Structures are given as C-alpha cells and as structure tokens.
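Here are the chains, one letter per residue:
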Amino acid sequence: MIILPTFLSLAATATVFPEPTLMPAAAGDLLAIRARTVESVSDGTLTHAVILVEEGKFATVGEDLTVERGIPTLDLPEDWVVVPGLVNAYSRQGMDSSGGSGADPDVLASSELYPGADVYQQLLEAGVTTLGLYPAGNGIPGQAVAIRPTGDTLEEMILDDAVYLKIILRSNASSKKMLRKGFEEADAYEEKEAKARAKWDKDQEKKKKKKKDDDDDEDKEDEEEDDGVYTPPTPDDDVQPFLDLRNGELSALISISKAGDYLHLLDALGEEEFSWDLRIPLSSEADIFHVADKIGERGCRVLVEPRVTRQPSTMRQRNLPAELVEAGATLAFVPNSDSVSNQKVWLRDVGHVVAAGLDRQTALRAMTLEPAAILGLDERLGSISSGKDANLLIYSGDPFEPTSRLVAVMFEGRFVTGEKDLR
Amino acid sequence: MMITLKVKVGQLSLAALFLVSGLSAPAAGLLALEDEDKEEQPEWLAVTGGDVFTGTGSYLRGATVLAKDGKIDSIGYDLFIPEEAERLDAGGMRVYPGLVAISSSGLLGGSGDLADTIDPFSSRMVLGLAAGITTTSQSNQVAKLKRGELEGAVLSEKAFSGLTWSGAGGKRALKEKFETTATYLRAYREWEELVKKDKELKEPSKRGVDSTVLAVLEGRILAKFSANGRDDLLGIARLAQKYGFRPVIEGCGEGWAVADELGRAGAMAIVTPRYRRSKEESLVRDGGSSIENAAILHLAGVSVAVIPSSKSVNLGGIAGRDIMHLIIEAGFAVRGGLPEKSAIDAITIQPARMLGVGHRVGSLEVGKDCDLIVTDGDLLHYETFVQYAVVDGKLVYDKQEELWFSHIRPRPEAPAPEESPVDAGERPEDIEDDGEAGDDDESGDEDEEDGDEGDEDEEGDD
Chain P
23 MIILPTFLSL AATATVFPEP TLMPAAAGDL LAIRARTVES VSDGTLTHAV ILVEEGKFAT
83 VGEDLTVERG IPTLDLPEDW VVVPGLVNAY SRQGMDSSGG SGADPDVLAS SELYPGADVY
143 QQLLEAGVTT LGLYPAGNGI PGQAVAIRPT GDTLEEMILD DAVYLKIILR SNASSKKMLR
203 KGFEEADAYE EKEAKARAKW DKDQEKKKKK KKDDDDDEDK EDEEEDDGVY TPPTPDDDVQ
263 PFLDLRNGEL SALISISKAG DYLHLLDALG EEEFSWDLRI PLSSEADIFH VADKIGERGC
323 RVLVEPRVTR QPSTMRQRNL PAELVEAGAT LAFVPNSDSV SNQKVWLRDV GHVVAAGLDR
383 QTALRAMTLE PAAILGLDER LGSISSGKDA NLLIYSGDPF EPTSRLVAVM FEGRFVTGEK
443 DLR
Chain V
3 MMITLKVKVG QLSLAALFLV SGLSAPAAGL LALEDEDKEE QPEWLAVTGG DVFTGTGSYL
63 RGATVLAKDG KIDSIGYDLF IPEEAERLDA GGMRVYPGLV AISSSGLLGG SGDLADTIDP
123 FSSRMVLGLA AGITTTSQSN QVAKLKRGEL EGAVLSEKAF SGLTWSGAGG KRALKEKFET
183 TATYLRAYRE WEELVKKDKE LKEPSKRGVD STVLAVLEGR ILAKFSANGR DDLLGIARLA
243 QKYGFRPVIE GCGEGWAVAD ELGRAGAMAI VTPRYRRSKE ESLVRDGGSS IENAAILHLA
303 GVSVAVIPSS KSVNLGGIAG RDIMHLIIEA GFAVRGGLPE KSAIDAITIQ PARMLGVGHR
363 VGSLEVGKDC DLIVTDGDLL HYETFVQYAV VDGKLVYDKQ EELWFSHIRP RPEAPAPEES
423 PVDAGERPED IEDDGEAGDD DESGDEDEED GDEGDEDEEG DD
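If you're matching them up, the sequences are chains P and V in order. Remember, my numbering sits 22 above the position in the first sequence when you count from 1. Remember, my numbering sits 2 above the position in the second sequence when you count from 1.
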C-alpha cells in the first residue's frame with residue numbers, strides 16, 4: 023500500500039505521538055478505515071482509500087491519505103470491499119395494517135410505526151441502513167416515512183415524515199378519476215383561497231378609507247389597526263397533500279404495472295406538473311419496455327425489482343432495468359420481495375442483473391443514493407462522501423458475488439454487527 | 003387531428019387578414035403565416051403499388067394510397083408523394099380497408115369504459131391486427147386498435163341501444179312502448195307546427211314515453227335485437243315496419259326463411275354463416291340454420307355484417323371460429339352464395355355503418371381515416387396473411403416484425419439491388435423467388451426477363 027504524504031486535516035486531535043502504539047488510541051469519536059476498494063457511489067470506485075469517521079459522519083474520504091498517528095485505524099484485508107449502507111425506499115417491514123382502496127392521501131405511514139420491532143434490527147444486520155415505509159392499500163393510500171432501522175421511540179426512528187405520496191394507478195376509470203379528483207379539489211381550494219384573499223384585500227382597503235375619513239376629523243395613529251394578518255382558509259386534510267404536490271413540498275411515487283398504465287397516467291395527469299417517480303413491479307412478462315423511451319424522456323426515477331424478465335409469450339430474456347437506464351430513466355431497486363430473507367440476498371439479485379448487462383456503478387447507485395433521493399435524503403446519506411451519515415457495509419469480496427460475505431455493518435459511525443476484531 | 007385544425011385556423015386568419023386589409027394584403031404577414039403553417043409538418047404515409055380494393059369505389063390495380071396526418075389524402079396513380087413521406091411498398095400485394103369486427107372482446111385489453119381501460123400494448127391487440135381488424139366494438143363502445151396510443155382510439159361511446167324481444171309479456175310491453183312513444187312523437191311534431199301560430203299551446207305530455215325508444219324512433223341511435231328464431235325475426239321486422247325504424251338483428255339464424263320481411267323492414271343483420279340451428283321438425287315451414295343465410299338476406303336487401311361465433315381470441319376449442327378468423331367466417335358466407343364483394347363489405351363498411359362510424363372507417367375513400375391492411379393474396383383466401391396493418395396513417399402491424407406468424411410463409415425480402423443485368427445463361431433461381439413467385443414460375447423465359455425489368459423499375463422508384 024502506497025501512502026502519499028497528503029494532509030489529513032483533523033480538528034482537535036492533531037497531536038503526534040512520537041512512539042508507535044500497537045493499539046489504536048482512543049481519540050475522541052474517531053475511526054479511520056483503510057481499504058483497497060471503496061465503492062463510494064457518489065465518486066465512483068476509490069482504491070487505496072481511507073475513510074475517516076467522526077461522530078457518526080464521514081469526515082473525510084479519499085484515496086491514498088495518511089492517517090495521523092493516534093487515530094484508531096482499521097486496515098481491511100486486500101480483497102475486502104466497502105459499500106454504502108443500503109437504502110430500501112419501498113417497504114412494509116414491521117407494519118401490519120391493511121388499507122382501503124379509496125383516496126386517503128392524508129394517511130401517514132408513520133402512524134402505524136412500532137418502534138423496537140425485531141425486524142428492524144434484522145434488516146440493519148442485513149445491511150439495510152435506511153428504510154422507507156409506505157402506507158398499505160390501493161388507490162391513494164397515503165404518505166411514506168423514512169426511518170432509521172433502530173431506536174426505541176418514534177423520534178429516534180423517524181428521519182423524515184411525509185416523504186412521498188403513494189399513488190397506485192391502473193388502467194381503470196376509478197383510479198384515474200381518483201387522481202383527477204384530487205387535483206380538482208385542490209383547484210377548488212385555490213379558487214376559494216383566491217376569493218378569500220380578494221375579500222380580505224377589499225376589506226383592508228375599506229378600513230383604510232374609513233380611517234382616512236376618520237383621520238380628517240381628528241388625527242389618530244392608524245398603524246395599530248392596520249396590521250391585520252391575512253389567514254388563508256384551512257384546506258381539508260385530504261386536499262392538503264395535493265396542494266403540497268403542486269407547491270413542491272411533497273413528491274409522489276406512482277405505481278403502475280404495465281405499459282398501458284403509463285399512458286393512462288399521462289392522460290389522467292393532463293397538464294398537471296409536479297415531481298413524481300415511478301414504481302413498477304416487474305412481473306415475469308412485464309411489457310414496460312413499450313414505454314421505456316417515454317419514461318426515459320421524462321427522466322424520472324423508476325423503482326423496480328432486480329429481475330431479468332422475459333419477452334411476453336416467449337422465453338427470451340429481457341433486462342428491463344438496463345433498458346430503462348439506456349432509455350434515460352434513473353434506476354432505483356427494491357429487493358425482489360419485501361422480506362428480511364430477501365433483503366439479505368438483495369445484492370446477489372442485483373448481481374444477476376449486472377451479469378445480464380446492467381452497469382455496475384448504476385446498480386450500486388440504484389440500491390443506495392437513488393432510493394435515498396426518493397426519500398428526499400440524498401443530501402444526508404446514500405453514499406460514502408464527507409459530511410454524510412457514516413453508514414457502510416464491508417464485504418469480504420465483490421459485493422455482487424454470491425461467495426462474498428457481509429463482514430460488518432456500520433451504522434452512523436458504529437459497527438452494529440460484524441466480526442469480533444472489527445468492533 | 004390537431005395539426006389539421008391548426009392549419010385550418012391559419013387559413014381562416016389568412017382569410018380574415020384579406021378581409022381586414024382589403025386587396026393589398028401585406029406580403030410579409032402572408033409569408034409569416036405560411037411559415038407558421040410549414041412548422042406543423044404533416045405526417046405522410048404512402049402505400050405504394052398495391053392492388054387497392056377501396057370497398058365503396060373501384061378496384062385499382064397497382065395504385066397508391068396516400069395518407070396525410072392519418073386521413074386519406076388521395077388514392078390513384080402517379081400521385082405526387084412528398085419526399086418526407088414514409089413509404090410502404092405494397093407491390094404485388096393487395097390493399098383493403100381495415101376490417102371492422104362488429105363485436106369482440108379482449109382485443110382492446112380493457113373492460114368497461116374504454117377511454118380509461120384500453121391497453122394499447124396488449125398482445126391481443128396485435129393478434130386482432132394480425133387478423134386484419136382495425137376497428138371493433140366492445141361493451142357497446144367503438145374503438146380502433148391503435149397501438150401504443152390512447153388518443154383518438156375511442157370512436158363512439160355508445161354504439162347501439164339494446165332492445166329485448168322475448169316472452170309474450172316482454173313483447174307486449176315493448177310494443178306498448180313503441181305505440182306510446184310514436185303517438186307522443188306525432189303529437190309533438192304537430193305541436194311544433196301549431197305552436198308557431200299559437201304560442202299558448204301546451205307541449206304534449208311525455209308520460210309513458212320511453213327515452214330509448216324515442217331515441218330509436220328519432221333516428222339518433224340504432225336499436226339492436228338478439229334473435230335467431232323465425233317467429234321472433236318476423237315480430238321484429240313487423241314492429242320495425244310499423245314504426246319506421248331500421249333494426250339491427252344479431253344472430254338472425256333463420257333470417258333466410260323470412261328474408262323478404264326483413265328486407266322490407268330495412269333490417270341489418272349480424273350473422274355467423276357457420277351458425278348451427280336445427281329445424282323444428284314439428285313445423286312444416288322452413289327453419290333451421292342455412293349456409294345460404296347471408297346470401298339470401300343480402301339478396302332480399304338486408305345489410306349483412308359477419309362475425310365469427312366466438313368474439314374473443316380463443317385458441318382452444320374448435321379451431322378457426324374465434325375473432326381471429328373473421329375473414330374465414332366471411333369466406334363461409336361466400337360458400338353459401340354471397341358475392342365476394344358483399345362478403346368483404348360484411349366485414350368492413352357494413353359493420354362500420356351499423357356502428358355509426360361509416361363516415362370514418364370501413365372503406366378507402368379520400369377524407370376517411372387511413373385504416374388499411376395489406377395482404378399477400380385475396381382477402382378471403384384461406385392462405386392469405388395480413389402483412390401490414392395501418393391505423394390512422396401509422397404502420398401498427400408488420401407480420402415479419404411480430405412474434406406470432408412471422409415464421410409461417412415468411413415474406414420474401416425485397417430483392418437486393420442488382421448491379422448488372424443477369425446473363426440469360428446463368429440466371430439464378432433465387433431472383434425469381436424474391437419476386438412474385440407463383441405466377442412467374444409457370445411463364446416462359448421471355449416473361450421472366452420482363453419480370454426482371456419490372457423488379458428493376460420498382461427498385462428505381464424506391
């Protein structure tokens with residue numbers, strides 16, 4: 023390993039110990055990890071990399087950095103690989119309610135969150151360090167919550183609430199109508215609001231005029247009564263999410279199941295513009311390739327399973343995830359099925375799609391940074407770069423190879439699972 | 003659609019410009035307007051060199067159908083084809099109007115309200131197009147088999163009003179409805195005239211008037227009955243004659259036995275030539291099914307549409323009786339004596355008219371939608387395959403590109419351009435195979451050479 027004399031800036035612990043120590047000395051909450059290969063996702067593959075973790079965050083990440091003496095350092099074996107903690111943006115783990123089939127956009131998945139459920143610890147140990155939980159049901163079941171898979175209270179668990187509005191759209195009159203109605207109600211509210219505003223403005227003017235008349239009689243300070251504050255009418259709970267979509271405070275994750283649904287979605291949306299991503303459950307004969315170009319043109323994120331599907335009515339393989347990327351869409355993966363055992367083999371399943379032609383970096387990104395973006399957390403986590411939450415996984419080899427073991431999981435700077443000498 | 007509309011608007015404003023500025027229209031403005039028009043590039047499709055069966059017009063050998071923005075712009079010979087036009091070589095093949103399946107299920111993928119449920123990517127739609135069908139009716143709505151597109155697919159949201167003619171009570175009730183409604187309608191028409199003079203006059207009461215029957219009598223919608231028995235058919239025919247409306251009768255199995263009455267009633271029949279019904283042996287009069295049904299009805303003046311017995315793509319059961327075999331079913335009508343032309347009408351213009359979309363589809367006429375199929379032989383021949391299907395001026399089916407039938411008698415690839423004429427001595431067989439195979443095989447050497455020249459000419463055109 024060649025270490026170039028690059029400076030590693032460390033805030034408080036810049037003391038250099040003259041005598042070499044065998045054991046890394048405890049120096050604040052610092053830990054350095056030296057690895058031959060680090061898949062940073064945001065900056066590609068780093069070789070001979072050093073990751074400095076400080077107080078639960080990545081302080082510095084770079085190639086061929088020197089680690090100052092005194093900082094506990096973990097030297098990983100040559101063929102071990104470090105990847106960011108996985109993000110599953112679309113899960114129902116630990117949730118057990120069943121939703122309706124109507125439009126309940128105001129329902130929050132966080133309301134059914136039960137802290138301390140065993141399953142979260144299991145997920146964390148399987149490498150899923152961030153989770154998006156969506157509300158159950160058909161139609162428009164409500165808004166998802168982003169959580170840390172640990173913690174005893176809701177406050178500890180919830181990273182961000184109301185991260186996306188889940189909408190299920192199928193080729194039928196009722197689901198299209200539901201979506202249209204949501205925005206029609208938002209229209210109605212906006213109209214009502216505009217009227218209320220106009221009325222308020224008028225009232226204010228009248229008051230002013232009146233005061234002016236009064237002022238003619240005797241001089242009084244008019245400041246006092248003039249600063250009435252306009253309060254807009256309160257929208258109904260089920261209208262607010264649609265207003266939030268419009269003003270960009272909320273984004274939507276729209277689930278479609280086939281190519282035709284996408285056209286019906288565009289038809290139902292009409293001129294409405296807001297931020298949305300797509301969730302497409304890939305069935306074995308998915309026909310979504312028909313609209314791949316259209317989806318690519320829009321460039322939205324597409325959340326799919328890592329699955330190689332078949333050309334309908336044949337046994338010919340199709341790599342839809344790769345095709346979607348080629349068409350211009352941004353790929354995000356969910357595990358093949360929403361269970362702990364499947365999350366454990368998530369990387370291996372993605373490995374199949376990589377073997378079938380998907381770009382490796384795109385695949386890694388689709389399990390980390392992109393799902394984090396769906397949850398609106400891509401500034402905070404999802405890749406190994408300085409300033410982000412120190413969530414990382416250490417594999418005993420290429421993470422896409424089935425022979426590689428998940429050696430350790432670091433969550434917010436601490437190893438939550440792993441082999442003894444890593445702790 | 004949008005584009006033509008805009009062009010028209012452009013022309014209108016051009017006219018307005020002339021009006022406003024009198025004779026001296028500013029040349030600059032004119033130019034600007036023309037430029038605007040040019041920005042809206044029309045989409046052209048030229049189907050060239052096929053033997054065109056127009057349906058309502060003549061049969062044009064080796065003619066060209068030119069579509070502009072989905073509508074037929076011109077049909078004929080030596081047409082000016084814009085350079086940017088997409089071309090479809092139908093040389094040696096035949097061009098027919100897209101077929102109309104008067105009733106089907108599953109081809110459009112959806113169920114219920116078609117506008118919200120059509121699946122323009124479903125494999126059933128491809129199979130429907132492979133069968134030559136470009137327009138069909140499903141759950142009483144009419145839509146086109148537009149692949150990959152929702153816009154403009156639905157032609158009509160209500161095709162028929164279904165009326166029931168069955169049971170003594172039901173028949174009596176229906177007759178009463180017609181009587182009351184007809185009486186009302188007469189009174190209303192009379193009132194319409196009288197009220198012009200006497201404004202105080204009261205409008206006749208609508209009591210007991212059936213809105214469906216009223217729509218039928220006013221000619222706003224066609225009434226559809228389902229009947230096969232001779233008695234029922236007679237009943238419907240007499241009802242129609244008495245109240246003056248044209249009934250559409252689905253089934254019409256024993257129609258041949260009462261064809262005169264049906265003809266007088268102006269009935270329209272939806273028949274399945276291979277329909278089986280045994281004669282009631284206790285009766286002396288004619289009855290039961292007949293292969294001649296379609297032919298006899300046609301001769302009696304009844305409009306005939308043909309539909310197979312199974313309305314969906316059905317790969318099980320007895321082969322050749324599902325919607326995929328609309329053409330074969332029409333062939334059976336020919337077997338029973340229906341003229342070939344009328345048999346083709348029975349799966350194109352006749353059903354289109356019955357569905358109320360005869361002004362849009364069902365024949366190849368200038369101004370109508372460019373929905374056509376290109377076949378490798380006579381439409382009603384059992385060996386014939388649909389090679390191409392075009393809907394609204396867009397190629398939506400190409401046999402060689404689709405999974406289903408590309409392996410059966412593959413279409414010969416267009417002959418590769420020859421650098422030099424082939425020597426008479428070493429003429430390779432494969433050139434012949436590439437061209438129209440059958441005919442040339444039987445002809446002599448000289449003819450073969452002619453054929454060659456023909457091929458070269460075609461290449462030159464391309």
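One should not assume that every hint holds.
[What the hints assert, rightly or not] Derived lysine-lysine pairs resembling DSS-like cross-links, with alpha carbons at most 25 Å apart: (1) 221/P <-> 231/P; (2) 70/V <-> 396/V; (3) 316/P <-> 208/V; (4) 199/P <-> 244/V; (5) 173/V <-> 204/V.
No wet-lab data here; the hints were simulated from the structure. Computed from a prediction, not measured in an experiment: that's the story for all the values here.
Query raised in the report: Which numbered conditions among the earlier hints are violated in the structure presented, ordered from lowest to highest?
Result: Violated: hints 3, 4, 5.
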